[in-house]
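Protein chains: 2
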Amino acid sequence: MRKTSIKDVAKKADVSIAAVSQILNNKGQRFSKHTIEKVLQARDDLGYVPNSAARNLKGTSNRLIGIIVPSFRMPFFADIIQSMQDNAPADVNLVFLGSTDDNLQSTIYSLVERGAQALIFGKPIPNRAEVNEFLKKRHIPYLVLDQNADINAQDMVQTNEFTGGSLVASHLLSLGHRKIALILPNKLTDNMRQRRAGFLDTLSTSNLSPTTIITTTLSKHGGLAAVHQLIQSESTAAFVLNDEMAIGVLRGLAYQNINVPADMSIVGYDDTDYAEFMIPTLTTVMQPVLEIGKAALNMILRRLDHPNLPFQTAFFDVKLVVRESTGPIKR
Amino acid sequence: MRKTSIKDVAKKADVSIAAVSQILNNKGQRFSKHTIEKVLQARDDLGYVPNSAARNLKGTSNRLIGIIVPSFRMPFFADIIQSMQDNAPADVNLVFLGSTDDNLQSTIYSLVERGAQALIFGKPIPNRAEVNEFLKKRHIPYLVLDQNADINAQDMVQTNEFTGGSLVASHLLSLGHRKIALILPNKLTDNMRQRRAGFLDTLSTSNLSPTTIITTTLSKHGGLAAVHQLIQSESTAAFVLNDEMAIGVLRGLAYQNINVPADMSIVGYDDTDYAEFMIPTLTTVMQPVLEIGKAALNMILRRLDHPNLPFQTAFFDVKLVVRESTGPIKR
DNA sequence: TTTGAAAATGGAAGCGCTTCCAGATTAATT
DNA sequence: AATTAATCTGGAAGCGCTTCCATTTTCAAA
Numbered sequence: 001m002r003k004t005s006i007k008d009v010a011k012k013a014d015v016s017i018a019a020v021s022q023i024l025n026n027k028g029q030r031f032s033k034h035t036i037e038k039v040l041q042a043r044d045d046l047g048y049v050p051n052s053a054a055r056n057l058k059g060t061s062n063r064l065i066g067i068i069v070p071s072f073r074m075p076f077f078a079d080i081i082q083s084m085q086d087n088a089p090a091d092v093n094l095v096f097l098g099s100t101d102d103n104l105q106s107t108i109y110s111l112v113e114r115g116a117q118a119l120i121f122g123k124p125i126p127n128r129a130e131v132n133e134f135l136k137k138r139h140i141p142y143l144v145l146d147q148n149a150d151i152n153a154q155d156m157v158q159t160n161e162f163t164g165g166s167l168v169a170s171h172l173l174s175l176g177h178r179k180i181a182l183i184l185p186n187k188l189t190d191n192m193r194q195r196r197a198g199f200l201d202t203l204s205t206s207n208l209s210p211t212t213i214i215t216t217t218l219s220k221h222g223g224l225a226a227v228h229q230l231i232q233s234e235s236t237a238a239f240v241l242n243d244e245m246a247i248g249v250l251r252g253l254a255y256q257n258i259n260v261p262a263d264m265s266i267v268g269y270d271d272t273d274y275a276e277f278m279i280p281t282l283t284t285v286m287q288p289v290l291e292i293g294k295a296a297l298n299m300i301l302r303r304l305d306h307p308n309l310p311f312q313t314a315f316f317d318v319k320l321v322v323r324e325s326t327g328p329i330k331r
Numbered sequence: 001m002r003k004t005s006i007k008d009v010a011k012k013a014d015v016s017i018a019a020v021s022q023i024l025n026n027k028g029q030r031f032s033k034h035t036i037e038k039v040l041q042a043r044d045d046l047g048y049v050p051n052s053a054a055r056n057l058k059g060t061s062n063r064l065i066g067i068i069v070p071s072f073r074m075p076f077f078a079d080i081i082q083s084m085q086d087n088a089p090a091d092v093n094l095v096f097l098g099s100t101d102d103n104l105q106s107t108i109y110s111l112v113e114r115g116a117q118a119l120i121f122g123k124p125i126p127n128r129a130e131v132n133e134f135l136k137k138r139h140i141p142y143l144v145l146d147q148n149a150d151i152n153a154q155d156m157v158q159t160n161e162f163t164g165g166s167l168v169a170s171h172l173l174s175l176g177h178r179k180i181a182l183i184l185p186n187k188l189t190d191n192m193r194q195r196r197a198g199f200l201d202t203l204s205t206s207n208l209s210p211t212t213i214i215t216t217t218l219s220k221h222g223g224l225a226a227v228h229q230l231i232q233s234e235s236t237a238a239f240v241l242n243d244e245m246a247i248g249v250l251r252g253l254a255y256q257n258i259n260v261p262a263d264m265s266i267v268g269y270d271d272t273d274y275a276e277f278m279i280p281t282l283t284t285v286m287q288p289v290l291e292i293g294k295a296a297l298n299m300i301l302r303r304l305d306h307p308n309l310p311f312q313t314a315f316f317d318v319k320l321v322v323r324e325s326t327g328p329i330k331r
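Chains as they are written, first to last, in the numbering used here: chain A, 1 to 331; chain B, 1 to 331.
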């Protein structure tokens, strides 16, 4: 039951192994039509598929990029993945892996073992220094889709999170809101911190700060669970740090017969697919996710081809998308 | 810039290659404490990670399973992927790939080339016969997450789609609806066909058939676009073949100020995460997606271990989940 | 000491493939 | 017919690793 190997093909076609290899790799101009025919025929008869392990062993392996995301179920990452996959050149292989903080190390290890030549992380790395050392030692470039302290230490893809948060605040202020709640996930990425910072900064220019800051899990259920506190706070608006949670908040408010936006304005972040389908449609901040995924991939490919180029940062602007879930304060 | 290989470690530790190999694979009981120490030290110093290509070459490779889905963005598949990933034994490697009908062939090929030992398809295979021959010839078992004509030709995971459709019809009928629309995606899987069949079958026992059958794209936007026709049909209820589309329908109806369920009842299918967060919450049919993913994976692993066992079919029941989007007919 | 088994280690083959190089065959040119 | 050049093909090394087996070293018991 052994897999058919190049040897089998060679024997069947009655030519040398070398001939088979070259002919099947289109480097066989130097062979006669007849030989080529025999080889192709034998391959098809035997159903031969070259073993890429053996092939890669030789050196010029295909480029393999590992992409590590926290979850496949979050729209943001689903989009990233899809966009990378759609934009990957044919000779590049992408391997997607989900990973919790716990098994990050082993995930990275298995990717490296598999011959990944570069990695892209969808979220911050907990033990950054350690991982950095591990990868640097092996000359494996990587890239983190999150703000990063050291712009000169590696390539980066950034979005203007601070501005994003700020836009939200301005929008709500301009609608007359003064009592604004802030709903955060219990684990913040750097991106989210910036988002928050921008929001708080702009509020403070009006001498305001959030009426309440609610911390909850990063999920629709988390948003739902935050509603109780939100109502207690008597705010007239809330900035929910991402759309997933915002969807939960919308749902929770509806259960309490609190009308959005008449009684309460809600703003999300990410502009996932679902935002424009909510009832009411969700005001949110758009990040060009597809572009981000594409840029990250291209950047890391560029790095592979030119390991010594200076580090680069791709910068993306965000945009406030005003929809139905925000409105002027009720008087 | 060559990657450090076992040879480098051996030299550095001043032992043989064989010793390094065995020690690092925990088959080194026969070595002295001292030697083991040296080797581990050398490995760490050099940052050595064994090359799995070379390792697999030898034969007993790690089990690699390829999973092909149409899209990473559809909640149904995101869930499947997540559940497989969460349930995969440590020694099993999963590779997820998105694929359109067009590049299916090459996707399969690249997976086989990589040494995939089994495949799982998330959706029907267009040119089934051809693919079947290709994979059979290479002794690569596969499994399709869709109903399948030939229960004796391969393992299968099935859900009771017919019953699912039937449950929807019964539910709507019991609420008094007689004018019921059916909204389909323009490409049906076998599963969906069964779903439809169950629905139509039950309707017909009341001598009914859908007031209208609307065909649209399989997406939220598709659902939204179907609303116009739906309204024209003067139906009092609609069965939308999956939640994604149903979300679009809900949104579209809201735009037209048509109240759900007072003016129109809506039923989806899949019970994705979002169903219970819609406003109104969406009545839908629950498939145990996580279980399905897990079962599919286990089944294919079992097949790998025991290629000659008789084919098996895992069968899952579905459940109607009644929520706010359906209600008694208005009189 | 001698002896023999147990413990420790390295040599070398081989996994499937690519690639360099030399050898063989054929065709083209005097 | 002789020589050269062009065309065609196979041998063999080597990629990084595992594994079988032979060899060497150690150590306790005789």
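Quick caveat, the hints were computed from the structure, so don't treat them as lab data. Among the clues, some could well be false.
Derived coverage of chain B by chain A (criterion: at least 3 residues anywhere in the stretch with Cβ under 8 Å from a Cβ of chain A; other residues may be distant) [what the hints assert, rightly or not]:
no. : region
1   : 28-42
2   : 226-234
3   : 242-254
Cβ-Cβ distance ranges computed for the label pairs, FRET-style [what the hints assert, rightly or not]:
no. : chain 1 : residue 1 : chain 2 : residue 2 : range
4   : B       : Thr215    : A       : Glu37     : 16 to 22 Å
5   : A       : Thr100    : B       : Lys7      : 46 to 52 Å
6   : B       : Asn132    : A       : Arg128    : 46 to 52 Å
7   : A       : Ser204    : B       : Thr215    : 51 to 57 Å
8   : A       : Asn298    : B       : His228    : 37 to 43 Å
9   : B       : His228    : A       : Asn26     : 24 to 30 Å
10  : B       : Ser106    : A       : Phe316    : 29 to 35 Å
11  : A       : Thr100    : B       : Arg30     : 22 to 28 Å
12  : A       : Arg128    : B       : Glu37     : 28 to 34 Å
13  : A       : Thr100    : B       : Asp14     : 36 to 42 Å
14  : B       : Arg30     : A       : Phe316    : 55 to 61 Å
15  : B       : Lys137    : A       : Ala54     : 27 to 33 Å
16  : A       : Thr100    : B       : Pro310    : 34 to 40 Å
Beta carbons: idealized from backbone N, C-alpha and C, even for Gly.
Tell me if chain A covers the region 28-42 of chain B under the three-residue, 8 Å CB rule, please? violated (count 0)
Just to be sure I understand the hint, the distance between the Cβ atoms of lysine 137 of chain B and alanine 54 of chain A should be within 27 to 33 Å; is that true here? violated, 20 Å
Distance restraint hint 46 to 52 Å, applied to the beta-carbon atoms of asparagine 132 of chain B and arginine 128 of chain A: holds, 48 Å
Quick check on a hinted range of 37 to 43 Å for asparagine 298 of chain A and histidine 228 of chain B, using CB atoms only. Because 40 Å falls inside the window, the suggested range holds.
Given a hint of 16 to 22 Å, does the C-beta separation of threonine 215 of chain B and glutamate 37 of chain A actually sit inside it? Since threonine 215 of chain B and glutamate 37 of chain A have Cβ atoms about 48 Å apart, the given range 16 to 22 Å is violated.
Holds or violated: the 28 to 34 Å window for the beta-carbon distance between arginine 128 of chain A and glutamate 37 of chain B? Since the Cβ atoms of arginine 128 of chain A and glutamate 37 of chain B sit about 29 Å apart, the hinted range of 28 to 34 Å holds.
For the range 55 to 61 Å, tell me whether the beta carbons of arginine 30 of chain B and phenylalanine 316 of chain A fit it or not. holds, 57 Å
Hint says 36 to 42 Å; check whether the CB-CB distance for threonine 100 of chain A and aspartate 14 of chain B agrees. With a Cβ separation near 40 Å, threonine 100 of chain A and aspartate 14 of chain B satisfy 36 to 42 Å, so the hint holds.
Are there three or more residues in the region 226-234 of chain B whose C-beta lies within less than 8 Å of some C-beta in chain A? violated (count 0)
Just to be sure I understand the hint, the distance between the Cβ atoms of histidine 228 of chain B and asparagine 26 of chain A should be within 24 to 30 Å; is that true here? violated, 53 Å
Range hint 34 to 40 Å (beta carbons of threonine 100 of chain A and proline 310 of chain B) holds or violated: About 38 Å separates the Cβ atoms of threonine 100 of chain A and proline 310 of chain B, which means 34 to 40 Å holds.
Consistency of beta-carbon spacing, phenylalanine 316 of chain A to serine 106 of chain B, with hint 29 to 35 Å: Once the Cβ atoms are compared, 31 Å apart, the range 29 to 35 Å for phenylalanine 316 of chain A and serine 106 of chain B holds.
Consistency with the previously given hints fails for numbers 1, 2, 4, 5, 9, 11, 15, ordered from lowest to highest.
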